[in-house]
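Engineer: Protein chains in written order, with this note's numbering: chain D, 1 to 289; chain S, 1 to 289.
Please note that the accuracy of each hint is not assured.
[As the list claims (entries may be wrong)] Partner residues aside, some chain S positions facing chain D, computed with beta carbon under 7 Å:
| # | residue |
| --- | --- |
| 1 | 123 |
| 2 | 223 |
| 3 | 247 |
| 4 | 259 |
[To be verified] Simulated restraints on C-beta separations:
| # | chain 1 | residue 1 | chain 2 | residue 2 | range |
| --- | --- | --- | --- | --- | --- |
| 5 | D | 267 | S | 153 | 43 to 49 Å |
| 6 | S | 271 | D | 248 | 21 to 27 Å |
| 7 | S | 132 | D | 55 | 54 to 60 Å |
| 8 | S | 268 | D | 164 | 38 to 44 Å |
| 9 | D | 264 | S | 278 | 47 to 53 Å |
| 10 | S | 107 | D | 75 | 52 to 58 Å |
| 11 | S | 75 | D | 44 | 51 to 57 Å |
| 12 | S | 268 | D | 55 | 50 to 56 Å |
| 13 | S | 267 | D | 267 | 33 to 39 Å |
| 14 | S | 271 | D | 44 | 20 to 26 Å |
| 15 | S | 256 | D | 227 | 14 to 20 Å |
| 16 | D | 248 | S | 227 | 22 to 28 Å |
Bear in mind the hints are in silico, worked out from the structure with no lab data behind them. Note that CB positions come from ideal geometry on N, CA and C, so glycine has one too.
There are 2 protein chains.
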Amino acid sequence: MTRGTAEPPFRRIGIVGTGLIGGSIALAARRRWPGVEVVGTPSRSGPLPEGMLDRTTADVAELSLTSDLVVLAVPVPVMPGLMRTIAASGSAALVTDVGSTKRGVMRAANEAGLPAFVGGHPMAGGEKPGASEARADLFVGRPWLLIEGSAGPELRERFEQFVRALGAVTHWMDAAAHDRAVAYVSHLPQVVAAALMNAAEAVAATGPHVAGKAFGEMTRLASSPPDLWQGICTENADFVREALQTFLAQLPGAGEDVGAWINDALQRSGQARGRWLARQGGTTGDRGV
Amino acid sequence: MTRGTAEPPFRRIGIVGTGLIGGSIALAARRRWPGVEVVGTPSRSGPLPEGMLDRTTADVAELSLTSDLVVLAVPVPVMPGLMRTIAASGSAALVTDVGSTKRGVMRAANEAGLPAFVGGHPMAGGEKPGASEARADLFVGRPWLLIEGSAGPELRERFEQFVRALGAVTHWMDAAAHDRAVAYVSHLPQVVAAALMNAAEAVAATGPHVAGKAFGEMTRLASSPPDLWQGICTENADFVREALQTFLAQLPGAGEDVGAWINDALQRSGQARGRWLARQGGTTGDRGV
């Protein structure tokens with residue numbers, strides 16, 4: 001991402017929810033197009049970093065009417081109400097979201113009657129939430145998944161340009177394929193990390209002295225916010241359950257020789273991981289894989 | 001670790017197995033005590049980095065007779081034969097190992113009749129094996145687990161000094177406590193990483209585009225060497241099986257609400273991880289936790 005002089009795809013950006021993701025979109029857009037106007041809702045977690053926004057407003061209808069791009073960067077359960085407010089305002093803005101599950105969001109946008117919606121999911125984040133953690137380069141080299149909604153082809157393309165200009169790598173997919181994939185690569189790892197950490201309590205006396213880098217990595221997610229994950233796993237319960245069953249079937253059976261099992265499992269997982277890395281291309285280093 | 005002028009605890013160090021760990025011990029000892037003599041067996045994976053050793057010898061009996069510390073940095077299954085060779089040579093050297101399981105090693109040292117043995121397990125490593133990856137700072141801030149063997153108190157203390165001087169944090173424990181703890185924090189994560197990667201093959205079409213940093217971290221171990229892990233899991237099969245059962249009991253049950261489950265699981269795992277990090281003290285950053 002570089003400072004550019006090209007025409008911005010959107011001149012007035014409204015951000016509902018100025019946390020880590022919403023704040024990073026504001027910073028990234030302003031760095032890319034210094035002339036763009038960015039308006040956002042006030043932060044609930046303290047004052048916003050200086051220069052992040054041109055102004056704040058708590059009035060979402062007013063924000064929508066004065067923006068040509070509205071980004072919903074709030075928890076998924078809050079979105080339906082906001083969508084109804086925006087639809088009722090008569091705003092013609094392109095509306096998008098950054099929710100980590102997509103079937104419910106697309107349904108809600110449809111039910112609210114939003115005339116120009118594109119679903120989005122930037123695969124970026126950080127250990128800590130909040131606008132104070134926001135970074136203009138948060139999306140560089142990271143996937144930003146896009147789901148076709150009510151917006152027409154011209155607006156869809158314009159939005160894809162916007163996201164790419166923030167440095168992200170775009171992929172279009174349908175909502176169910178998205179939710180099934182994230183169940184395997186994001187929600188299941190979350191379940192597993194919590195269970196690994198809780199299992200390790202059996203060796204709480206010696207374990208902390210014996211744990212190396214791998215255990216630290218495998219349990220990093222065990223410190224994630226419980227409420228956030230309750231929402232995600234409830235929303236995506238069917239696919240999370242499928243992923244968990246698939247995972248259980250991959251573990252050694254009750255009578256199986258674990259030595260022989262792990263040799264076979266690693267033969268396959270090493271090859272599978274190699275294929276994934278190849279498909280992920282140039283962005284792998286950034287993603288720690 | 002700093003270059004020191006203090007008297008080295010051992011003046012002549014013999015290293016059997018000059019791979020990543022053996023090579024790093026050689027480099028670290030020479031940096032700490034430039035006057036120390038380090039002899040090692042030839043590398044099987046190509047020429048050794050310049051300056052790593054004073055000389056190489058393939059004759060383990062000769063190496064033992066000319067050393068006052070012998071480090072066995074070879075796979076666990078190879079150790080019993082080497083121990084018999086060293087015992088038969090009549091060497092009075094302190095012998096130690098760096099194997100990642102300890103019950104079998106301690107038994108083998110005992111059966112070989114080694115008069116001065118201390119078991120060891122440096123919790124350090126790297127993505128790639130081989131002497132070319134060796135680093136003098138590999139052990140800085142990392143745990144080095146020690147198991148009391150036939151060596152008397154004076155030699156044990158001298159060896160602990162040696163290990164600390166390489167930058168490691170020492171912990172004494174018994175072989176069974178060690179093997180049980182590593183089953184939970186090292187071997188189980190290995191099993192889980194392979195199964196996660198293999199389960200994700202169900203979404204091979206979309207998964208690579210959706211996978212973020214967490215998936216990369218959670219599957220890094222899925223590319224580990226199958227043969228090495230077959231050896232480790234066979235050696236430690238009973239505790240690996242126990243850890244796996246404990247882990248399975250921590251996962252959501254068949255009829256359980258995954259949303260409510262993850263909220264409760266993360267409440268506990270977040271607290272557990274906080275306690276572990278506190279117990280690990282100042283070395284956590286280095287270990288990626």
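Engineer: All hints are to be evaluated individually against the structure, with a verdict given for each.
Structural biologist: Structure-based check of all given hints:
1. 123: Constraint on residue 123 (chain S) satisfied, holds at 4 Å.
2. 223: Holds - the Cβ of residue 223 (chain S) comes within 7 Å of chain D, reaching about 5 Å at its closest.
3. 247: holds, 4 Å
4. 259: holds, 3 Å
5. D:267 to S:153: 43 to 49 Å: holds, 46 Å
6. S:271 to D:248: 21 to 27 Å: holds, 26 Å
7. S:132 to D:55: 54 to 60 Å: holds, 57 Å
8. S:268 to D:164: 38 to 44 Å: holds, 41 Å
9. D:264 to S:278: 47 to 53 Å: Cβ of residue 264 (chain D) to Cβ of residue 278 (chain S): about 39 Å, so the range 47 to 53 Å is violated.
10. S:107 to D:75: 52 to 58 Å: Holds, at about 55 Å.
11. S:75 to D:44: 51 to 57 Å: holds, 55 Å
12. S:268 to D:55: 50 to 56 Å: violated, 43 Å
13. S:267 to D:267: 33 to 39 Å: holds, 38 Å
14. S:271 to D:44: 20 to 26 Å: holds, 25 Å
15. S:256 to D:227: 14 to 20 Å: holds, 18 Å
16. D:248 to S:227: 22 to 28 Å: holds, 26 Å
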